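Taken in order, these protein sequences are the chains called A and B. Residue 1 is where the first sequence starts when you use the working numbering, and the numbers rise one by one after that. Residue 1 is where the second sequence starts when you use the working numbering, and the numbers rise one by one after that.
Hints in this document: simulated from the structure, not taken from any laboratory. As the structure is a prediction and not an experimental result, all values here were calculated from the model. Incorrect hints may have been included.
Under the rule of at most 25 Å between Cα atoms (straight-line distance), these lysine to any residue pairs were calculated in the SDA-like manner [claimed, not checked]:
{"hint": "1", "chain 1": "A", "residue 1": "K229", "chain 2": "B", "residue 2": "T178"}
{"hint": "2", "chain 1": "A", "residue 1": "K229", "chain 2": "B", "residue 2": "Y181"}
{"hint": "3", "chain 1": "A", "residue 1": "K229", "chain 2": "B", "residue 2": "D144"}
{"hint": "4", "chain 1": "A", "residue 1": "K229", "chain 2": "B", "residue 2": "E199"}
{"hint": "5", "chain 1": "A", "residue 1": "K229", "chain 2": "B", "residue 2": "L176"}
{"hint": "6", "chain 1": "A", "residue 1": "K229", "chain 2": "B", "residue 2": "R148"}
{"hint": "7", "chain 1": "A", "residue 1": "K229", "chain 2": "B", "residue 2": "Q204"}
{"hint": "8", "chain 1": "A", "residue 1": "K229", "chain 2": "B", "residue 2": "T153"}
{"hint": "9", "chain 1": "A", "residue 1": "K229", "chain 2": "B", "residue 2": "Q196"}
{"hint": "10", "chain 1": "A", "residue 1": "K229", "chain 2": "B", "residue 2": "G203"}
{"hint": "11", "chain 1": "A", "residue 1": "K229", "chain 2": "B", "residue 2": "L200"}
{"hint": "12", "chain 1": "A", "residue 1": "K229", "chain 2": "B", "residue 2": "S190"}
{"hint": "13", "chain 1": "A", "residue 1": "K229", "chain 2": "B", "residue 2": "E174"}
{"hint": "14", "chain 1": "A", "residue 1": "K229", "chain 2": "B", "residue 2": "V169"}
{"hint": "15", "chain 1": "A", "residue 1": "K229", "chain 2": "B", "residue 2": "L146"}
{"hint": "16", "chain 1": "A", "residue 1": "K229", "chain 2": "B", "residue 2": "D194"}
{"hint": "17", "chain 1": "A", "residue 1": "K229", "chain 2": "B", "residue 2": "A198"}
{"hint": "18", "chain 1": "A", "residue 1": "K229", "chain 2": "B", "residue 2": "I193"}
{"hint": "19", "chain 1": "A", "residue 1": "K229", "chain 2": "B", "residue 2": "F166"}
{"hint": "20", "chain 1": "A", "residue 1": "K229", "chain 2": "B", "residue 2": "R170"}
{"hint": "21", "chain 1": "A", "residue 1": "K229", "chain 2": "B", "residue 2": "N165"}
{"hint": "22", "chain 1": "A", "residue 1": "K229", "chain 2": "B", "residue 2": "S201"}
{"hint": "23", "chain 1": "A", "residue 1": "K229", "chain 2": "B", "residue 2": "V202"}
{"hint": "24", "chain 1": "A", "residue 1": "K229", "chain 2": "B", "residue 2": "S179"}
{"hint": "25", "chain 1": "A", "residue 1": "K229", "chain 2": "B", "residue 2": "A155"}
{"hint": "26", "chain 1": "A", "residue 1": "K229", "chain 2": "B", "residue 2": "E156"}
{"hint": "27", "chain 1": "A", "residue 1": "K229", "chain 2": "B", "residue 2": "A177"}
{"hint": "28", "chain 1": "A", "residue 1": "K229", "chain 2": "B", "residue 2": "E145"}
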Amino acid sequence: MGRVSGQILGFLVDPFASFGFMRIALVGCVALALANGPIGTLLLMRRESLDGNVLSHAVMPGAALGFLYAGYSLAALTIGGLLTGFAVAALAALSAGSRPQRQDSSLIAFYLISLSLGVLIVAARGSQADLMHVLFGTVLAVDVKALLLIASISSVTMLVVAALYRPLAVESFDPAFLRAVGGGGGAFRAIFITLVVLNLVASFQAFGTLLAIGPMLLPAAAARCWTNKVWPMIALAIIIGMAAAIAGLLISYYANLPSGPAIVIGAGTIYGMSLLAAGRIRLKPKSLRG
Amino acid sequence: MANSSDPARRRRSASDVLGLMRAATAPLRQSFVVSLSALGDNAQAAFVRLFDSGYDPSASEEHTRRGEEGISVRNLSVRYGDRYAFESLTGEFAPASLTAVIGPNGAGKSSLLKALAGIVRPATGGVTCAAVARHRLAYLPQQDELDRGFPITVAELVALGDWRNFGAVREPAERLATSVYEALAAVGLSSVIDRQIAELSVGQFQRALFARLLLQDADVILLDEPFASLDESTTEDLLHFLRRWQGEGRTVVAVLHDLDQVRRYFPSTLLLARSPIAWGETSHSLSAESLARAQKALDPSERARVGWVA
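With the rest of the complex left out, here is chain A (with noise of 0.2 Å):
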């Protein structure tokens, strides 16, 4: 019984144990999970997943002028990626009050273009490979240098989102309330975009531009089958982040699969066996089946 169990440990343990580069990505993972957990279950909470998608899009071309500029640098895809989501982001605040109902068609004929202006920009210049690495990204090259980004970025958004949740999480539910009272308004919808922006880039690191918004979202839409609390959805979110990242790198291991999307896919069961077990469907309130 001992030696079964000292043997399923060590399937589990051994591919961490004996390669850095699973450690780094174990940590990174880890680290994206913390942050994308509060994060991922505000975008659903404000019905924003679609503009979080747009956002993620929006990371592309600036990235891949990044990549143009500097090659496969770290620094200069962050940056690019950076100052595209920032104006971007930017941009739909300032519109934000000129329109009275959001326009979905818009926001899709912008995610479509800004992703296929970032995909001529690096095959002007890199190989089919660094087209894939942008795409996908490549949690298992994610070096020293892009896991301390990752763990700033996450440290950060936890410590803001624990210290503003309490307008954040009301500007998403009544946006003209906390306004009325003086909350604040305005402020705390940039407030999250750019903590939004921040997560999409330090979720490119390693998910690449496609995937960067699943181990956001998923996870989040998982928790949201099992409670209808705000803060147990929150830590949820986040443990369901965590197995979903270790089940994805041990497949990705041990099946020779590539680690970003089988982290995604991860996710994905466990939000279709959320699904299912809960039984939520069916149980969705009114306003939300509309």
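Fit chain B to the known structure of chain A by using the hints.
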């Protein structure tokens, strides 16, 4: 250069230099400390200004301004793209008045309320309302503008009304639980205090929002179709709050559809159809002649499309 080879002397001169430097930089260091603490104060002030300007526990004690604050608008217009929601509205919602805003669909009633609340920026003109800057204005949007799927309980929703006593970051006071319970009892919702808002009926949810208004204790209260799709008894109950608020010296403005209701409960009425048709005593604003003019105010093609609801 013999001196420098003497270790004791060299040490002494070094300490002299250090002392001299210390003396010379004292004012500099002092000003650095001062500026650091000033930075701290500034940072704190900036934090409060940006994120926590609603925290104002003293506000509940001073009711001196109540009954003196109305809303005045001057040449106010709101435009979406090239289409005016309403235009050139000038006048005053008197202090401690109870005003109904009424008009055809698409006449700009909701836009007017949003402009009064400072949510929509006016295309021309302006709104003067001291309560906005002091955060003593409450605005209740149409129900469908709120996300009923948001995971929050009735008690939590109502407790938010007490925002000025805890702001963005502070711990709520212990008496908050009592005042939440009292507010919920006042609107007749004591039984659902721990439910999620998603589980409430439309009427119960509106009652919960009124309980939040009770805690909010605002001087100016704007309500956008507060009785839409509510049953009669709920409407009756909530109408009493509007009259009570007016009696307490608050300025209340409500967008409504039901002409009978307005005639019975509202002393003054603004009849709006893109542009103001009549504004004053309800009997005058809702005279047959005014209503006919409101009909004509929207051009014929528009009238066919939006129709007159009342």
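Now the hints, each set against the structure:
1. Between K229 of chain A and T178 of chain B the CA atoms are separated by roughly 22 Å; this keeps the pair inside 25 Å, and the hint holds.
2. For the proposed pair K229 of chain A and Y181 of chain B, the alpha carbon gap of about 21 Å is at most 25 Å, so the pair holds.
3. Only pairs whose Cα atoms come within 25 Å are accepted, and K229 of chain A paired with D144 of chain B is accepted, the gap being roughly 22 Å.
4. For the hint linking K229 of chain A to E199 of chain B, the alpha-carbon distance of about 14 Å falls within 25 Å, and the restraint holds.
5. Pair hint K229 of chain A plus L176 of chain B holds up; C-alpha atoms about 20 Å apart against a cutoff of 25 Å.
6. Taking the CA atoms of K229 of chain A and R148 of chain B, the gap is near 14 Å; set against the 25 Å cutoff, the hint holds.
7. Proposed proximity of K229 of chain A and Q204 of chain B is supported: the alpha carbons are some 20 Å apart, at most 25 Å.
8. Using a Cα cut-off of 25 Å, the hinted pair K229 of chain A and T153 of chain B holds, with the two alpha carbons roughly 9 Å apart.
9. As the CA atoms of K229 of chain A and Q196 of chain B are separated by approximately 9 Å, the hinted pair is consistent with the 25 Å bound.
10. For the hint pairing K229 of chain A with G203 of chain B, the CA-to-CA distance comes to about 23 Å; that is within 25 Å, so the pair holds.
11. Taking the CA atoms of K229 of chain A and L200 of chain B, the gap is near 16 Å; set against the 25 Å cutoff, the hint holds.
12. For the given pair, K229 of chain A sits about 21 Å from S190 of chain B by alpha-carbon distance, which is consistent with the 25 Å threshold.
13. Pair hint K229 of chain A plus E174 of chain B holds up; C-alpha atoms about 22 Å apart against a cutoff of 25 Å.
14. Under the criterion of a C-alpha separation no larger than 25 Å, the hint pairing K229 of chain A with V169 of chain B is consistent with the structure, at around 19 Å.
15. For the proposed pair K229 of chain A and L146 of chain B, the alpha carbon gap of about 18 Å is at most 25 Å, so the pair holds.
16. A threshold of 25 Å between alpha carbons decides the hint, and for K229 of chain A with D194 of chain B the separation of about 12 Å falls inside it, so the pair holds.
17. As the CA atoms of K229 of chain A and A198 of chain B are separated by approximately 12 Å, the hinted pair is consistent with the 25 Å bound.
18. Taken as a hint, the K229 of chain A and I193 of chain B pair is honoured in the structure, with Cα atoms around 15 Å apart against an allowance of 25 Å.
19. Restraint check for K229 of chain A and F166 of chain B: satisfied, since their Cα atoms lie roughly 21 Å apart, inside the 25 Å limit.
20. Restraint check for K229 of chain A and R170 of chain B: satisfied, since their Cα atoms lie roughly 20 Å apart, inside the 25 Å limit.
21. Of the supplied pair hints, the one linking K229 of chain A and N165 of chain B holds, its CA atoms being roughly 24 Å apart against a limit of 25 Å.
22. Distance check on the hinted pair: K229 of chain A and S201 of chain B sit about 20 Å apart at the alpha-carbon level, within 25 Å; holds.
23. Taking the CA atoms of K229 of chain A and V202 of chain B, the gap is about 21 Å. The hint holds against a cut of 25 Å.
24. At roughly 23 Å between alpha-carbon atoms, K229 of chain A and S179 of chain B fall within 25 Å of each other, so this suggested pair holds.
25. Taking the CA atoms of K229 of chain A and A155 of chain B, the gap is about 13 Å. The hint holds against a cut of 25 Å.
26. For the given pair, K229 of chain A sits about 11 Å from E156 of chain B by alpha-carbon distance, which is consistent with the 25 Å threshold.
27. Of the supplied pair hints, the one linking K229 of chain A and A177 of chain B holds, its CA atoms being roughly 19 Å apart against a limit of 25 Å.
28. At most 25 Å may separate the alpha-carbon atoms for a hinted pair to count; K229 of chain A and E145 of chain B meet this at roughly 22 Å.
Violated hints are absent here; each numbered hint is respected by the structure.
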